[in-house]
Amino acid sequence: GENVEQHPSTLSVQEGDSAVIKCTYSDSASNYFPWYKQELGKRPQLIIDIRSNVGEKKDQRIAVTLNKTAKHFSLHITETQPEDSAVYFCAASMADTGRRALTFGSGTRLQVQP
Amino acid sequence: DTGVSQNPRHKITKRGQNVTFRCDPISEHNRLYWYRQTLGQGPEFLTYFQNEAQLEKSRLLSDRFSAERPKGSFSTLEIQRTEQGDSAMYLCASSCPTPSGRSSTDTQYFGPGTRLTVL
Numbered sequence: 108g109e110n111v112e113q114h115p116s117t118l119s120v121q122e123g124d125s126a127v128i129k130c131t132y133s134d135s136a137s138n139y140f141p142w143y144k145q146e147l148g149k150r151p152q153l154i155i156d157i158r159s160n161v162g163e164k165k166d167q168r169i170a171v172t173l174n175k176t177a178k179h180f181s182l183h184i185t186e187t188q189p190e191d192s193a194v195y196f197c198a199a200s201m202a203d204t205g206r207r208a209l210t211f212g213s214g215t216r217l218q219v220q221p
Numbered sequence: 002d003t004g005v006s007q008n009p010r011h012k013i014t015k016r017g018q019n020v021t022f023r024c025d026p027i028s029e030h031n032r033l034y035w036y037r038q039t040l041g042q043g044p045e046f047l048t049y050f051q052n053e054a055q056l057e058k059s060r061l062l063s064d065r066f067s068a069e070r071p072k073g074s075f076s077t078l079e080i081q082r083t084e085q086g087d088s089a090m091y092l093c094a095s096s097c098p099t100p101s102g103r104s105s106t107d108t109q110y111f112g113p114g115t116r117l118t119v120l
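Protein chains in written order, with the working numbering: chain C, 108 to 221; chain S, 2 to 120.
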């Protein structure tokens, strides 16, 4: 089955700096890669996603890049703010085929220091 | 509230008891997923429904776990003879395939979860 590895497990940055979180996946058939933000005690919330036919996607301060050959994808947050502090999870699935279940990484705890 | 809802939000039970959780998906979402999340880990997939059909089950879903979605709307997850290792947050998500060009995105939206504590 699919295996998703996520690094780093914790990340501390100063407000205004950029943050990068990286994930690798094992199943080359995976074609959908969402990122979720989870604040303490709350539900995971989708912040951005990318499909395998796209190399990069951006939404304001958040961007995701995908390298299908290397089977890795990254989340980039620019101009970080204290409210960006949360746990971020990457995930992978085959959205158009039978395996629709998301396989999640182990999470990155991002702390933005004011 | 038009998001995914789950009840109860918290459940404390004694080892050996049965528990049942309910998930109400976003209206008209035909796909419903159950995940389990333990402290410090990402959600782990348990099972998935498309309408009332259970199409996929994880090997994590032991014989003590059963899920139903009888009318293709809400779903229930039952755990029989609970064990301390069952203590976790049980998350439900729903999705509705959105055609985009030649393929769909099938974004999954999560509910707030039911936190189970087995004493």
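Treat each hint with caution, since some may be false.
Unchecked claim - Calculated lysine-lysine pairs in the DSSO-like style (CA-CA distance at most 30 Å, straight line):
hint : chain 1 : residue 1 : chain 2 : residue 2
1    : S       : K72       : S       : K58
2    : C       : K129      : S       : K72
3    : C       : K144      : C       : K129
4    : S       : K15       : C       : K164
5    : C       : K178      : C       : K165
6    : C       : K164      : C       : K178
7    : C       : K129      : C       : K149
8    : C       : K129      : C       : K175
9    : S       : K12       : C       : K129
10   : S       : K12       : C       : K175
11   : C       : K164      : C       : K144
12   : C       : K178      : C       : K129
13   : C       : K149      : S       : K15
14   : C       : K149      : C       : K165
15   : C       : K175      : C       : K164
16   : C       : K165      : C       : K129
17   : C       : K178      : C       : K144
18   : C       : K144      : C       : K165
19   : S       : K12       : S       : K58
20   : C       : K165      : C       : K175
21   : C       : K175      : C       : K144
22   : S       : K15       : C       : K178
23   : C       : K164      : C       : K149
24   : C       : K144      : S       : K58
25   : C       : K164      : C       : K129
26   : C       : K149      : S       : K58
27   : C       : K178      : S       : K72
Read the hints as simulated data drawn from the structure, not as lab findings.
Here is how each hint holds up against the structure:
Of the supplied pair hints, the one linking K72(S) and K58(S) holds, its CA atoms being roughly 19 Å apart against a limit of 30 Å. Restraint check for K129(C) and K72(S): the C-alpha separation of about 40 Å exceeds 30 Å, so the hint is violated. For the hint pairing K144(C) with K129(C), the CA-to-CA distance comes to about 14 Å; that is within 30 Å, so the pair holds. For the given pair, K15(S) sits about 47 Å from K164(C) by alpha-carbon distance, which is inconsistent with the 30 Å threshold.
Between the alpha carbons of K178(C) and K165(C) the distance comes to roughly 19 Å, so the proposed pair stays at or under 30 Å and holds. At most 30 Å may separate the alpha-carbon atoms for a hinted pair to count; K164(C) and K178(C) meet this at roughly 16 Å. As the CA atoms of K129(C) and K149(C) are separated by approximately 23 Å, the hinted pair is consistent with the 30 Å bound. A hinted pair counts as satisfied when its Cα atoms are at most 30 Å apart, and K129(C) with K175(C) qualifies at roughly 14 Å.
Among the hinted pairs, K12(S) with K129(C) is inconsistent with the structure: their alpha-carbon atoms are about 35 Å apart, more than 30 Å. Distance restraint check for K12(S) and K175(C): the Cα-Cα separation of roughly 42 Å exceeds the 30 Å cut-off, and the hinted pair is therefore not satisfied. The hinted pair formed by K164(C) and K144(C) meets the criterion: a straight-line CA distance of about 17 Å does not exceed 30 Å. Distance hint between K178(C) and K129(C) is fulfilled; the C-alpha atoms sit about 11 Å from each other, no more than 30 Å.
Annotation: proposed proximity of K149(C) to K15(S) holds, straight-line Cα distance about 25 Å (limit 30 Å). Between K149(C) and K165(C), the direct Cα distance comes to roughly 25 Å. Compliance with the 30 Å bound is thereby established for this hinted pair. Simply put, K175(C) and K164(C) have alpha-carbon atoms about 14 Å apart, close enough for the 30 Å limit, and the pair holds. With a CA separation close to 16 Å, the supplied pair K165(C) and K129(C) stays within the 30 Å bound.
Of the pairs offered as hints, the one joining K178(C) and K144(C) holds, with about 22 Å between alpha carbons and a cut-off of 30 Å not exceeded. A threshold of 30 Å between alpha carbons decides the hint, and for K144(C) with K165(C) the separation of about 16 Å falls inside it, so the pair holds. This hinted pair checks out: K12(S) and K58(S) have alpha carbons roughly 24 Å apart, not beyond 30 Å. Between K165(C) and K175(C) the alpha-carbon distance is near 18 Å, which keeps this suggested pair within the 30 Å criterion.
This hinted pair checks out: K175(C) and K144(C) have alpha carbons roughly 23 Å apart, not beyond 30 Å. Between K15(S) and K178(C), the direct Cα distance comes to roughly 44 Å. Violation of the 30 Å bound is thereby established for this hinted pair. Restraint check: the Cα-Cα separation between K164(C) and K149(C) comes to about 26 Å, which is no more than 30 Å; the hinted pair holds. A distance of roughly 25 Å separates the Cα atoms of K144(C) and K58(S); the hinted pair therefore holds under the 30 Å criterion.
A distance of roughly 15 Å separates the Cα atoms of K164(C) and K129(C); the hinted pair therefore holds under the 30 Å criterion. Between the alpha carbons of K149(C) and K58(S) the distance comes to roughly 25 Å, so the proposed pair stays at or under 30 Å and holds. As the CA atoms of K178(C) and K72(S) are separated by approximately 39 Å, the hinted pair breaks the 30 Å bound.
The structure is inconsistent with the numbered hints 2, 4, 9, 10, 22 and 27, although it conforms to all the rest.
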